[in-house]
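Engineer: Listed below, chain by chain, are the residues.
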Amino acid sequence: MKRPQNRSEPVAALSLPGLRKGGKATRPWVPGADVSLRLASLLAFVLLWQILAAILDSSLLPSPAAVFVRVAEETASLVLPQHLTITLGRVVVSFLLAMAIGTAIGIAMGRWRRVDLFLDAWLVLGLNIPALVTIILCYVWFGLTDVAAIVAVAINKIPTVVVMVREGARAIDPRLMQVARAYRLSRWRTFTRVYLPQLVPYLMAAARSGLSLIWKIVLVVELLGRSNGVGFQLNVFFQFFDISGILAYTLVFAAVVLLVEALLMRPLERRLTGWRG
Amino acid sequence: MTGPTEMLEIDIARKRYPDRGGRPHLALADLRLSIGGGEFVCVVGPSGCGKTTLLNVVGGLDADVDGRVLLDGKPPSAGVGFMFQEPRLMPWLTVLDNVLLVAPDPEAARPHARALLEAMELGDVLDAYPGRLSGGMQRRVALARAFSIDPGLLLMDEPFVSLDAPTANRLRTMLVELWQRRGATVLFVTHDLREALALGDRVCFLSGSPGRVVLDLPVGLPRPRAHDDEAVSTLYAELMTRYPEILAGLAASAEDIEGGGDGR
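Top to bottom, those sequences are chains R and X.
Residue numbers for the first sequence follow our numbering, so the first one is 171 and each next one is one higher.
Residue numbers for the second sequence follow our numbering, so the first one is 5 and each next one is one higher.
Keep in mind that the hints were calculated from the coordinates and are not lab data.
Hints may contain errors.
[To be verified] Pair ranges (Cβ atoms, derived):
| no. | chain 1 | residue 1 | chain 2 | residue 2 | range |
| --- | --- | --- | --- | --- | --- |
| 1 | X | S81 | R | L209 | 58 to 66 Å |
| 2 | R | D286 | X | Q184 | 46 to 54 Å |
| 3 | X | R174 | R | I271 | 49 to 57 Å |
| 4 | R | R345 | X | P22 | 16 to 24 Å |
| 5 | X | G71 | R | R345 | 22 to 30 Å |
| 6 | R | M347 | X | S166 | 34 to 42 Å |
| 7 | R | L438 | X | A235 | 52 to 60 Å |
| 8 | R | V262 | X | R118 | 22 to 30 Å |
| 9 | X | A230 | R | R345 | 42 to 50 Å |
| 10 | X | R118 | R | L438 | 24 to 32 Å |
| 11 | R | L287 | X | P22 | 18 to 26 Å |
| 12 | R | T362 | X | Y247 | 16 to 24 Å |
None of the values given here were measured: they were computed from a predicted structure.
C-beta atoms are modelled at their ideal positions from N, C-alpha and C, and glycine is treated no differently.
Could you put together the complete structure from these sequences and hints?
Structural biologist: This is the structure we're talking about:
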């Protein structure tokens, strides 16, 4: 009959402007041991690659050094930064779009059973429709435009956001919501300070898996129907069997992903869940 | 006494809710209770008699009721403090922010909230998260939260249950002091008759389900009183012999302090 006492534990803080959330809540930067282990893992990867390239000695697997030179060349000529910026722009826009729409639908489905029942079949369809199909259909219906590209990516991502946020909305602690009601908090304050913080772990999970999925799909979208961006460039390199070009772009892309994770996602998560410390 | 004191009138003809099988369960019937402004009324009753349901109705958490609740002639709106069986603090907010959460204007309320917390010996943990505090301290924060809005009406649902006796007594003393200093109409629900006698100006006894008031008893003992005062013990014993049938359920339920489940 009673809910377990620790129901409200796995939730996190949402920091809002105007409400004090001191730096004291955030833990200090990762201890040195963690960083060195991460670096060691990176070095091991490059080393393995070097060994493999040396053994094979083929133009199909250029050595790390050759690829780094290629990165420098492409960067110096500004070709790589230009395509990378365009791709990142598409990633950011479709990511934000997918998160916003997916969160709204997820909350509605988690909260109202009727909405859940009504949309559940759509959700299953959305989760299982191949990315390629939505991409092709979007291009056919909306033309070979950026809008079509972004819509196609967002459509692919929204269902997974919905599933995760719905889970979070179902796990909302009714006892904390009662506090908000008993003290007659405004809808806005209830939502931002009582409701959303409980969703934070689910939103973070959705954002993480969302970024990794969107990176991949954006490239496919660019390959199929855009004349710029990293995906387009990879296709060009593919036509010429330019493996070092492909690896150079891949490397930069991977570096960007790691940077986003280290400089954005992890600090954000530390900040939002600092209270658990 | 300072601060607002408001008269509370409760008139519940019928309150049902679906039980676990989905059938309607009659929790309260013909429950009438009138509390004067600034009065401290304790409601006692056996587990499952609808005490929590009563508070939820009065506090506006449950509007699906055949009856009405009036605070100074109007349905209660802002200015109602509520303490639950568990502290129910937001774990992601610091102690101070938890108190400010319920303030209509948090920035303006900050000095007042700080002063209140400091007076309640929580000055050292203003910026701590509730998860790091002991159970007793968490209740103290919840008590501070309830008083921080200068409530006209304070609703308390067995707020000191499952605490060790000294901690619970300390909180009771704190509650009575705050109430005497700031003034509020208090509706305090408990299944511990001794606690009710130690705290209330009046003690109302609810029957078993469906709950209604079967005995309304003024408590004239002088304050301050403590949970284990001789006067309280004497009155307790006297009531036990005088109303054995009404108090039978209480005596039994007081055994399992943890299991104070009231259905809702």
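Engineer: Against each hint, give a clear statement of whether it holds in the structure.
Structural biologist: Evaluation of the provided hints:
| no. | hint | in the structure |
| --- | --- | --- |
| 1 | X/S81 / R/L209: 58 to 66 Å | holds, 60 Å |
| 2 | R/D286 / X/Q184: 46 to 54 Å | holds, 50 Å |
| 3 | X/R174 / R/I271: 49 to 57 Å | holds, 51 Å |
| 4 | R/R345 / X/P22: 16 to 24 Å | holds, 19 Å |
| 5 | X/G71 / R/R345: 22 to 30 Å | holds, 24 Å |
| 6 | R/M347 / X/S166: 34 to 42 Å | violated, 22 Å |
| 7 | R/L438 / X/A235: 52 to 60 Å | holds, 59 Å |
| 8 | R/V262 / X/R118: 22 to 30 Å | violated, 41 Å |
| 9 | X/A230 / R/R345: 42 to 50 Å | violated, 31 Å |
| 10 | X/R118 / R/L438: 24 to 32 Å | holds, 30 Å |
| 11 | R/L287 / X/P22: 18 to 26 Å | holds, 20 Å |
| 12 | R/T362 / X/Y247: 16 to 24 Å | violated, 50 Å |
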